[in-house]
Amino acid sequence: MSEAERADLLLQIYYYMRLTRAMEDRTRTLFLQGRIVGGVYTAQGHEATTVGAAMTLRDGDCIVPQHRDLGMHLVRGVSPRAVMCQWLARGNAPTLGRDGQLHIGDMHHGVVPMISMLGESLPVACGVALVMKMRRRSTVVLASCGDGATSTGAFHEALNFASVQRLPVVFVIENNGYAYSTPTVKQFAIEQLAQRALAYGMPGESVDGNDVLAVMEAVGRAVAHARSGQGPALVECRTFRVRGHSEADKADYVPPALRQEWLARDPIRRFEEYLTAQGLLSAERRREIEARVRSVVDDAVAFAEASPPPDPATVADYVFAPDGPIAIVGEPDATDPRYVNALDTRTGRPFCTMSQVEEAVTQL
Amino acid sequence: MTAVTYLEAISQAIREEMRRDESVFLLGEDVGTYGGAFKVSAGFLEEFGPERVIDTPMSETAIIGSAVGAALMGMRPIAEMQYIDFITCGFDQIVNMACKMYWRSGIPLPLVIRGPAGGGTHGGPFHSASPEAWFFHTPGIKVVMPATAYDAKGLLKAAIRDNNPVLYLEHKLLYRLPELREELPSEDYIVPLGKAIIRRHGRHMTMLTYGAMVHQCLKAAEQLATEDGLAVEVVDLRSLTPLDRETIKESVKRTNKVLIVHEDTLTGGVGAELAALLAEELFDYLDGPIMRVAAPDAPYPYAPPLEMAYLPGVERIVAVARQLAAY
Ligand SMILES: Cc1ncc(C[n+]2csc(CCOP(=O)(O)OP(=O)(O)O)c2C)c(N)n1
Ligand SMILES: [Mg+2]
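Top line first, the protein sequences correspond to chains A and B.
UniProt numbering applies: residue 1 is where the first sequence begins, and numbers increase by one.
UniProt numbering applies: residue 1 is where the second sequence begins, and numbers increase by one.
Here chain A stands alone, though its shape is the one from the complex (with noise of 0.2 Å):
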């Protein structure tokens, strides 16, 4: 990689960890404004992971992210219009207002939909990556779950399963201090969940959650073990849920000094030093993306405030595909409108989840 083309993939990162952090913060405002229904689950300090396990993987991966991994969504070309409709509840989001929050995917761009029982997702993940190896490819499958979720029987019989398999599925624990309220003494009796790993024989490292570069690193060796053949792998990114568990909690069980240790590492403005002491990241420079950021966040918002809401009429719709060719996903033809699942055969549309082509993201 060229200096130049090092400078560019820094500053998409950069980008992509402020347009986390935007579309969040304006989340908020929506859900502070009563516009958002449900439940709102942010990731703020989470960025460094998030972003930064993403930019790891190349095209034909595939990420199963969890209720705080916006920045993983985002990075693979999830379109920020979709996410605010989403959270707006519109008859257009992916879900057609069915279900809420990040619970969205698209097999053929390789984002699978999380559903609320967290832990889930990882068989499924580990389903995705049995069918990759089937096919003698080597893409991976991402695949991430909080410090709660390690203690569910799924995330156990998947890393199991996954290392007898030899998968190749890259598991992220995002441990952050707290499930809802929980805090890690009461969900684990280990010193790292990195050493979950060694249980069910595949390598595995704790890192630096808010340091990016040290997150692609070790999710980039992972990676790297789980391309190459060899199963599955694991990395513990330590980080903090700086904010509540939702935007409804204050989470006065907190102690106030452990939240400030970690705001003072957040992990945005420690990239920003870092960026800055490298001269990449001018004030000017800084400005643009700000502005992009803004730009991108204003039209999701105006997108999925002007899209209409669900029709009450097809409440019980749905429920079952119809009949016809299913292709296999990531073979060339799978998108040929012939097969079932080319199509968003519920409204006979392309799948809404993604942004165009265009912006989605191609690693450097």
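If you're looking for bench data, these hints aren't it; they were derived computationally from the structure.
A quick note: this is a predicted structure, and the numbers were derived from the prediction, not measured.
One or more of the hints may lead you astray.
[Said to hold, decoys possible] Sample of chain A residues facing chain B (criterion: CB under 7 Å; computed from the structure):
1) Gly-127
2) Val-128
3) Val-131
4) Met-134
5) Phe-161
6) Val-164
7) Val-319
8) Ile-328
[Stated by the list, open to error] Just so you have them, the derived chain B footprint on chain A, three or more residues with Cβ under 8 Å:
9) 93–104
10) 110–119
11) 146–160
12) 320–326
We put the CB at the ideal spot given by N, CA and C, even for glycine.
Add chain B with the ligands to chain A, keeping to what the hints say.
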């Protein structure tokens, strides 16, 4: 052509679909080297290799969850539960992950979950389950239960080709019953999901049933014919979801009396919904109460005298049918 058992019919369906479509594969506990606890997949590993006949760890959540992941990718996995009782260990993957997937994301999920269900084999409380009501109640999954070898093969093929999660319940008591041996068509066929079949025609009452109880009802109908001169119609539902409301209603409109028979427990069972449907839609046609024969509201017992008392059988069906006929 040789007559095959219900079990062989299931085996044939999977084998033929795996030959026909490279996206079909089987995963579960002991399905490979051992050929499955009941030998449904005997010989499969040799024919299809370990990537399409996957011996998994003892992890129902991982089995069903990875089947969901593979189905998201456009494959047509068949996830075997060693006994259907263990489906509870993967319940969330079905009711929350699989059943809501297409509805909320537009991504179809062509997935079959299958396994041996039902009692009568001294399996006790953990190897005799009839779990259909849980899934019958849940939108987003089709539920089928064949009663004959012909249907076992045809329904399974239809389930594999369907673009939705399908729970395919095999009644293990029927697996090797000699009297269910049947010569099956040599050409490819399916039994469409959502179509009931009238197994015996009659004008005095309709018995609505499915699974192993079809055979109990047929025996009861025969006895009622010879001893009471009653012409009993027996409808084998075959599919619970989608439910063939048309065939059910058409039959009841002719017979005006309904006896619902299932092996599952009474309260909140499939029969409760059938009764509600008929009460709502065919009230004017009914010449007697809608009656039910089902297992008592207790867990499935082990000791033979208890098991005998628990399972609905010909004697009880005949007794209740006589009460109904007296109206
Ligand atoms: C299986 C399951 N049980 C309970 C909940 C309710 N719940 C929502 S978030 C949460 C805590 C999650 O903690 P963690 O996995 O650490 O993720 P974090 O929210 O900290 O990112 C709980 C208990 C849930 N979503 N899923
Ligand atoms: Mg947490």
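| query | Out of the numbered hints, which ones does the structure contradict? | reply | Those not satisfied: there are none.
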